[in-house]
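**Student:** Now for the letters of each chain:
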Amino acid sequence: MAEHYSSFEYKGTRWFLQRITAVFLIGVLAFHFMLLHFVNHAAEVTFLGTQARMQQVGYFGTMVAFLVTATFHGVNGVYNALINQGLTGTRKTTVKWVLVVASGVLIAQGIRTALYMAGIIA
Amino acid sequence: MSQSYDRGTIEDFGRWKEFSAGMWAWIFHKFSGWVLIGYLFTHIAVLSTATQSPELYTGTIRSLESLAIVRVLEVGLLAVAVFHILNGVRLLFVDLGVGLEAQDKSFYASLVVSAAIVIASVPTFLAGAF
Numbered sequence: 001m002a003e004h005y006s007s008f009e010y011k012g013t014r015w016f017l018q019r020i021t022a023v024f025l026i027g028v029l030a031f032h033f034m035l036l037h038f039v040n041h042a043a044e045v046t047f048l049g050t051q052a053r054m055q056q057v058g059y060f061g062t063m064v065a066f067l068v069t070a071t072f073h074g075v076n077g078v079y080n081a082l083i084n085q086g087l088t089g090t091r092k093t094t095v096k097w098v099l100v101v102a103s104g105v106l107i108a109q110g111i112r113t114a115l116y117m118a119g120i121i122a
Numbered sequence: 123m124s125q126s127y128d129r130g131t132i133e134d135f136g137r138w139k140e141f142s143a144g145m146w147a148w149i150f151h152k153f154s155g156w157v158l159i160g161y162l163f164t165h166i167a168v169l170s171t172a173t174q175s176p177e178l179y180t181g182t183i184r185s186l187e188s189l190a191i192v193r194v195l196e197v198g199l200l201a202v203a204v205f206h207i208l209n210g211v212r213l214l215f216v217d218l219g220v221g222l223e224a225q226d227k228s229f230y231a232s233l234v235v236s237a238a239i240v241i242a243s244v245p246t247f248l249a250g251a252f
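Chain order of the listed sequences is A and B. Numbering of the first sequence is given in our numbering, commencing with residue 1 and proceeding in unit increments. Numbering of the second sequence is given in our numbering, commencing with residue 123 and proceeding in unit increments.
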C-alpha cells in the first residue's frame, strides 16, 4: 500500500511548467469552448464579433496567454512522448530544435493574427 | 514508500490486451494530446485569414461551419478536449498524491463524464448542420 505518494517533487523546469500550464489551460480551454460554441455559436462567428471581443484588453491578454501556454504544453507533450518512444542523441536534438522553431512560428503568427483581429494593425 | 508495479513497457502496443486502466488512461491522454496540438496549428492557420481581410475571415469560417463533416469533427474535438481536461485533472491529483488508490476508478469517471458532456453538447454543435 502506498501510505503517501506524490510525484510532485522537483524534476526540472519543463516538468514543472507542464503542470502549471495544465492548471491554466483547464480553465481557459473550457472557457474558450463555452464562449465560442454555447454563448456565441461557431457558425455565427464574424470578423466584427471577433474584433469586439479582441478589443477588450482582458480577453486579448487571456487569448495570447492561451496561445503561449497551449503551444508550450502541447509541443512539450509531443517532445516527452517522443522521448518515451526512445528518441535519443542527434535525432533528439534535431527534433527539439524543430519543435522550438515550430512553436516560435506558431506563437508569432498567432500574436500577429490577434493584432489584426483587435484592429491594432490593419 | 510506494510499491512499484512492473506491468511491462506501455510503448509495446502489441500487448494491448494486457493493459490496465491506468495504461489505457496514459494512451488516451497521449492520443488526445496529439489531436489537440495538431488542431492548434490548424486553428491558427484558419484564423490567420483575418490578416488578409475581414471578409475572407468571416467567409472562411462560415464556409467551414456549413460543412456537416466539420460539425461532426468539432464534436470529436470536443470529446478529446473534455477527456484531456478531465484526465488532466486526475493526473494533477495523482501527482499531488491524492486519489492514487482510486486512479482506475477516476479514469472510468473521466470517460463517463466526458461521454455525458459530449452527448449533451451534440444538439448545440450540430444545430443546422444537416
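Just so you know, the hints here were simulated from the structure itself, not pulled from any lab data. Do not take every clue at face value.
[Unchecked claim] Within a straight-line C-alpha distance of at most 30 Å, the following computed DSSO-like cross-link-like pairs (lysine-lysine) qualify:
id : chain 1 : residue 1 : chain 2 : residue 2
1  : B       : Lys227    : A       : Lys11
2  : B       : Lys227    : A       : Lys96
3  : B       : Lys227    : B       : Lys139
4  : B       : Lys227    : A       : Lys92
**Student:** If a hint holds in the structure, say so; if it doesn't, say that too.
**Tutor:** Hint by hint, here is what the structure shows:
| no. | hint | result |
| --- | --- | --- |
| 1 | Lys227(B) to Lys11(A) | holds, 27 Å |
| 2 | Lys227(B) to Lys96(A) | violated, 36 Å |
| 3 | Lys227(B) to Lys139(B) | holds, 19 Å |
| 4 | Lys227(B) to Lys92(A) | violated, 36 Å |
In the structure shown, a violation is registered for the earlier hints numbered 2 and 4, in ascending order.
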